[in-house]
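Starting from the given sequences, assemble the full structure and let the hints guide the process.
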Amino acid sequence: MTDMTVRIGGLTLANPVMPASGTFAEGLGDAVDLNRLGALVTKTITRELRDGNPLPRVAEVVGGMLNAIGIPSKGVPYFLQHTLPLYRSWTPPLVVSISAPTAEGFAALAAEVSMPGVAAIEANISCPNIEEDGKAFAMRAGSAAAVVRQLRAATTLPLWVKLTPNTGDVPEVAQACEAAGADAVVVANTLLAMSIDLKTFRPRLGNVMGGLSGPALKPIVLRQVYQCARVVSIPVIGCGGIATAADAAEYMLAGATAVQVGTATFVQPGAMNSVITGLDRFCDARDIKRVSELTGALKREEADEVDLAWLAAPTA
Amino acid sequence: MSTFRAKTVAERSEILANTLVNGEYRHMVVRCTSLSAGAKPGQFFQLLCPPPPGGAPFLRRPMSLYGADPATNTVEFLYKIAGAGTRGLTTLGVGDTVEILGPLGRGFTLAPNLRHIVAVGRGAGLATLGPLAQAAQAAGIGVSAVLSARRPDLMVSDELFRSRGATVLTVTDFEGTSGPAHVERLLRNLITENRCDAFYTCGSSRLLRVQQRLAHEFGLPGQVAMEQQMACGLGMCFCCVRDFNVGDEIAHKRVCWDGPVFDMMEALP
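Same order as they appear, the protein sequences are chains A and B. In terms of numbering that gives the first Met the number 0, the first sequence has 149 at position 150, counting the first letter as 1, and numbering is strictly consecutive. In terms of numbering that gives the first Met the number 0, the second sequence has 90 at position 91, counting the first letter as 1, and numbering is strictly consecutive.
For the record, the hints were derived by calculation from the structure and aren't laboratory data. It is possible that some hints are incorrect.
Straight-line Cα separation of at most 20 Å, DMTMM-like style, residue types lysine to aspartate or glutamate; simulated pairs [what the hints assert, rightly or not]:
no.: 1; chain 1: B; residue 1: 252; chain 2: A; residue 2: 29
no.: 2; chain 1: B; residue 1: 6; chain 2: A; residue 2: 25
no.: 3; chain 1: B; residue 1: 6; chain 2: A; residue 2: 32
no.: 4; chain 1: A; residue 1: 73; chain 2: B; residue 2: 75
no.: 5; chain 1: A; residue 1: 73; chain 2: B; residue 2: 247
no.: 6; chain 1: B; residue 1: 39; chain 2: B; residue 2: 75
no.: 7; chain 1: B; residue 1: 252; chain 2: A; residue 2: 25
no.: 8; chain 1: B; residue 1: 252; chain 2: A; residue 2: 50
no.: 9; chain 1: B; residue 1: 6; chain 2: A; residue 2: 50
So the derived list for chain A, only partly shown, Cβ under 10 Å to chain B, looks like this [said to hold, decoys possible]:
no.: 10; residue: 21
no.: 11; residue: 26
no.: 12; residue: 60
no.: 13; residue: 71
no.: 14; residue: 74
no.: 15; residue: 269
Covered stretches of chain B, going by a simulated chain A footprint (3 or more residues, C-beta under 8 Å) [stated by the list, open to error]:
no.: 16; segment: 56-63
no.: 17; segment: 86-97
no.: 18; segment: 149-162
Quick caveat: nothing in here was measured; it's all calculated off a predicted structure. Backbone N, C-alpha and C fix where the C-beta goes; we use that ideal spot for every residue, glycine too.
Structure follows, in structure tokens:
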């Protein structure tokens, strides 16, 4: 048995595996035991009532999918009266994902949802689908820091900030968030992408563009997690194309303290539980006592022996 | 100790049959757990379809239930090749396995006061309505089925309805009998004969509109099974929303989680 606990800025999780915001709702509890998860992360809520984007909202691509759901939200009162009580049926810490059109709006919403039963706030400053052309606060260090400063002043809860992979400045944005008071950064959201139907000449998403997720995204975000973990001292939570324990282990070796699993759950509802079980076995097999020892354990020194790794496909 | 009890399960199921029943539809029977075999009419499964030559489906494919038998631990599906997913399903033979996730969604309900219902279906809706025949028979409720297809040779579910004691009226484009005006006359006759306490429908917007109008005129209830592109099947992704009349306003509901069976009067065709 591996010690599976991880610490993320004052919060101890029973294991490092949790859902990615947007890909999880209480319905998953019909299929899997949610009490096994490290944390629960809500879909992003907003104060504004939002219908979401026109259909189609999802399109399959090679190795993953595009989505442009558009954060449908029934507002804060609905969340407090209906959604929050639902999650009291489960024991893992509840992380509430929030979004707003302004820094002030983020702060006000963070204050409103800072209440008993909420363990942390994840600020989604990186949704590519709700602003024109994917513009989001997380695209630049300055705008990200401005939001995080206001959020920090508005809540005493642990503050996680979800970054975008759609900028060349991800490590700079992560540093800016840390300096502005973030307790952790989630790296990353989906990658802005598109797909065209050659029968109709129409975009395959009603919103034209949408976010790429799934296995196709993994190598890119893995690199960004590595880059961020090297320059910040707060925990990095890896999120991008994780479907197996091997994927999660790679993310942790690159520097992630914990991981979020999203799109894989759409294909296999039990994906997160498989990742937890698999990480435990991965550590056991290598005599690693604590899963947290994986974080940043990437070896960069030159090997003394001839590297034959390229002969075999990577395995767990 | 965990007290978790699954209401839906992802399981690898053995194919017992996967045969062509006419020029378009295939009938697939799989062995499953009692949880899956307890699926109710109107519920659906998400199938992890094997990759056909030239394209691997990434997401699961939703498929409505055609039959479920807890006595033999089997579920049945009726499907037409529509894309990479269903093309992949055709490659499966007896003894192969397919991974199914279900039962999912809210199915049809049969109120105890019903004496005779009318089922109206077309296309994939013919498969979806199929399990109602057995459920109604078991509840002592008479069924009249109006089944619509392009051609007589592409009709499905008619034998199933007849075997469960239903009166079957088939209409087809080929015979010029499937238009809304003719179907409305058939439905008005059934209402006049006191054989329509409620409508159950799936697969045609045109026929849904006819039934909504008649339901309004005669004060009859109805249920409709809706279709939509899906990703997760568990109400998480919000990709399968449709518009519904809820109270005085139009609201989105998730077909996979809030449905796929809805109050017929709420549905926007």
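Right, here's what the structure says about each hint:
1. The hinted pair formed by residue 252 (chain B) and residue 29 (chain A) meets the criterion: a straight-line CA distance of about 19 Å does not exceed 20 Å.
2. Straight-line distance between C-alpha atoms of residue 6 (chain B) and residue 25 (chain A) comes to about 13 Å, which keeps the hinted pair within the 20 Å bound.
3. Among the hinted pairs, residue 6 (chain B) with residue 32 (chain A) is consistent with the structure: their alpha-carbon atoms are about 11 Å apart, no more than 20 Å.
4. Only pairs whose Cα atoms come within 20 Å are accepted, and residue 73 (chain A) paired with residue 75 (chain B) is rejected, the gap being roughly 38 Å.
5. Between residue 73 (chain A) and residue 247 (chain B) the alpha-carbon distance is near 17 Å, which keeps this suggested pair within the 20 Å criterion.
6. At roughly 12 Å between alpha-carbon atoms, residue 39 (chain B) and residue 75 (chain B) fall within 20 Å of each other, so this suggested pair holds.
7. Annotation: proposed proximity of residue 252 (chain B) to residue 25 (chain A) holds, straight-line Cα distance about 16 Å (limit 20 Å).
8. Under the criterion of a C-alpha separation no larger than 20 Å, the hint pairing residue 252 (chain B) with residue 50 (chain A) is consistent with the structure, at around 11 Å.
9. Restraint check for residue 6 (chain B) and residue 50 (chain A): not satisfied, since their Cα atoms lie roughly 29 Å apart, outside the 20 Å limit.
10. With a cut of 10 Å, the hint placing residue 21 (chain A) at the interface with chain B holds, because the nearest CB-to-CB distance is about 7 Å.
11. With its C-beta approaching chain B no nearer than about 4 Å, residue 26 (chain A) sits inside the 10 Å limit, and its interface hint holds.
12. Of the supplied interface hints, the one on residue 60 (chain A) holds, with its beta-carbon coming within about 8 Å of a beta-carbon of chain B, less than 10 Å.
13. Among the interface hints, the one on residue 71 (chain A) holds; its C-beta lies about 5 Å from the nearest C-beta in chain B, closer than the 10 Å criterion.
14. With 10 Å as the threshold, the beta carbon of residue 74 (chain A) stays out of range of chain B, its nearest partner Cβ sitting at about 13 Å, so the hint is violated.
15. For residue 269 (chain A), the suggested interface contact is upheld, since its CB lies about 6 Å from the closest CB of chain B, less than 10 Å.
16. Residue count for the segment 56-63 of chain B with a Cβ under 8 Å from a Cβ of chain A: 4. That meets the three needed, and the coverage hint holds.
17. Using a Cβ-Cβ cut-off of 8 Å, 0 residues of the segment 86-97 of chain B lie near chain A, which falls short of the minimum of three, so the contact claim is violated.
18. Given a C-beta distance limit of less than 8 Å, the hint that chain A covers the segment 149-162 of chain B is violated, as 0 residues qualify and 3 are needed.
The structure fails to meet hints 4, 9, 14, 17, 18 from the earlier list, while all remaining hints are met.
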